[in-house]
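**Q** Fit chain B with the ligands to the known structure of chain A by using the hints.
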Amino acid sequence: MSKINLNMLRELKASKARFFSITLLLALAVFVFVGLKATTPDMNQTMRHEYAQANLADAQLSNSLGFSSSEITDIQNDKTVKSISKGLQTTSLTSDGKHVIDIISIPEKISKLVITQGHQPKKSNEIVLGEQLKDSYNIGQKINIEHNDDLKSKQFKIVGFATSSAYMKKNNLGQTNLGDGKIDAFAGVKKSSFTNADPNILQIKFKNLSGKAYQDKYEYALRHKVTHLQNKLNNLSEQRRNNLVSDIDDKINQAQATQTVLSKQKALTSNDTALQTLNNKQAELADQINQAETQKDTISQLEYTAQSRGQFSVGYSDMGSDAKRITGLSNTFPIFFFAVALMVSFTVMRRMVEEKRVEIGTLKALGYSNYKIASEYYLYAGLTSIVGTIIGAGLGLIILPKVIFNSFAANYVLNDVYLTWHITPVLVAFVLTLLSTVFAVFLAIKPLLAQQTTVIMLPKAPTTGKKILLEHLTWLWNKLSFSRKVTARNIFRYKGRMWMTILGVAGSTAMLITGFGMQQSLNKMVPVQYGEITHYQLLGVFNNKAKNADDYGKK
Amino acid sequence: MQMSEELIRLSNVSKIYNAHQDNEVRANDDLSFTIKRGELTIIVGSSGAGKSTLLNTLGGMDSVSEGEVWINGSDISGFSEKQRTTYRRQEVGFVFQFYNLIPNLTALENVELANEIAQDPIDAKEAMKSVGLGKRMNNFPPQMSGGEQQRVAVARAIAKNPALLLADEPTGALDYHTGKKILKIFQDYVNDTGKNVIIVTHNSLIKPMADHVIEIVDGKIKQDVFNDHKIPVEDLEW
Ligand SMILES: Nc1ncnc2c1ncn2[C@@H]1O[C@H](COP(=O)(O)OP(=O)(O)OP(=O)(O)O)[C@@H](O)[C@H]1O
Ligand SMILES: [Mg+2]
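Protein chains in written order, with this note's numbering: chain A, 40 to 594; chain B, 30 to 267.
Hints are all accurate, no fakes.
FRET-style restraints, in silico, Cβ to Cβ:
1. B:G107 <-> A:T526: 48 to 58 Å
2. A:R523 <-> B:S75: 42 to 52 Å
3. B:S75 <-> A:K411: 35 to 45 Å
4. B:N168 <-> A:L51: 20 to 30 Å
5. A:T526 <-> B:G176: 35 to 45 Å
Just so you know, the hints here were simulated from the structure itself, not pulled from any lab data.
Using N, Cα and C, we set each Cβ at its ideal position, and we do this for glycine too.
Same shape as in the complex, but just chain A (with noise of 0.2 Å):
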């Protein structure tokens, strides 16, 4: 090795506090600032990779009373519609009163579910159950439902378990009526469970549709051929409904025109019983009619909804925006770190040229060039730079969208996050790093290599020192030890230095009260939400369209 550098090697191993300080420093800001810049690309690569094995639908059609095959034929031949995945599904609760669950036919190739323990259901009193409920049944046992029209048995056998992309959250996977009025987990069985056989769930993938999930691209143009989709729907719900209805005042009239032969056979008998008959049925007939007035209402409600991925799937809109939120940190948060590491990088690499004056100038008398002894002082400068950004990069890049990743996703049944490499923060940080660096030393050795040999090797004449304000108050001046004058002159004396000094203290301080605040006002919003401006506990809803208090419970 030339002696040249196993001076720098030395230099750097004497050096070692001074190396590592600035190191970390280095790492620290661009762990922050690789690590936020990374969360948000990392959190939504980990989406799409659950949608892309769950071949999550892009969008989900539901009606109430299910979709017949003419109206299934008319949607597939959409010139939007890709494929189409038929599906079954009702919402149940639990016998003992304590879960609500949204059960569904298992799909196959849309929407799928991930097995995450046990099998498939073969048989259909078999159920598999999502993970909101593996605390609370095992594999083996039984459960039990209320009694539900949609499902031909009320006691299911639990195979498996499994997660499901349209169900991603923990709990609160959605609003019901039955219960506690919150939906706490979904289950698969096979579509024989199911008692009717029309489709109520329309699984749909749209054809062109380019970009990823949570693209403004995709987001866009699914939000396009959702409309027109549900365009679609409209009219097939206006037809349905007026067929229904029409079919219900055909019963309508028919009854009413019995009625009218029936009042007219009373008036001709006089026969009791016979008269008695007749009232029975006319009686009857009312009831009917009656009942077909009520479901003639009830059609007029009938609705087809064309839901998008932000709307059918629980969870899906809530990760996105988690994500973006990171951005939005990420482009602020680390400029303060940056800010302090780079002050006191900059300031030591040009304090350690300065200090080496002498030496500097000893090589250049001595026949070294300008080129070999700055690159000496570069490569001591880089040094910093490169292992600061390969720690705070590595542990950037796999820590902290982890742990963010975790917090968001504790309220969610996910895969771990998926990690990806980021080439375009890490190159940002470590330009910033040399910058702070490298830059610095620049600054400091270009001047001084410029000058007279002779000169450098004499040391810096100092900064004199000028008489400061304080010293004009003589009485004030004379009570301060010896050391005190010096220390308040000094602080003068060198304006960079006390600068730096401000900055940072000034840049830690803010970062403190940053931190304290955010917590201060985050524990403070619960209580000041529902203490002071949300006092009701009850929440009531009035429903214009019933006649009667019966009806109220009705959708």
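**A** For chain B with the ligands alone, coordinates are given in the frame of chain A:
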């Protein structure tokens, strides 16, 4: 290339510090002299006379304010920084007045630092032995006495085997005997290699060992004389 007999020619060289200011110093004032090849030259003068300033000029370490500095056929006062670096590396060995050893390198490594970049260097260990430090080669400068450090500085200059060996007060920190040993090394260097050595000193008693003595007072040349019969260092007394 034709080798002229003369190695160095200074004409009207001045070095002015803080020019046109209240504290202007004419450290070298209108110096002119020539030095022949193979000469042992001694520059004497009292403290502050301008000896180091002159030596720095000759060593290509500082610019001059006025005049020309011809060395080996080129005017180094007009050299670019790059040319001067090459000149310092290839032609000059310098013993600095304040030694200027690198504290992070051992004595031997300090010598190697210089001879690594020289064209035709002497073995660093041999150089260390010649100054009587064969046993202290692995010591770091802060672990050595002032005189020992000065001898390392001498070894470092000699190890480059330079055409021009410049020594600024090379015996300033040395006792009589050690000092003599060092002076003998310089004299032998001239005698054995036919190269040039210039020694700066305030001790006029060593003048007899030189071929050529230049005396400086207040930045000006007071005397410029040649010794026809120089005395071997062994016979010198002070
Ligand atoms: N960088 C400088 N700025 C201003 N004046 C200087 C500078 N360097 C040297 N001088 C002045 O130039 C004069 C000559 O200095 P020089 O170092 O050449 O003296 P010298 O003969 O080597 O003295 P000594 O025997 O004490 O080493 C001195 O008066 C000194 O104060
Ligand atoms: Mg001197």
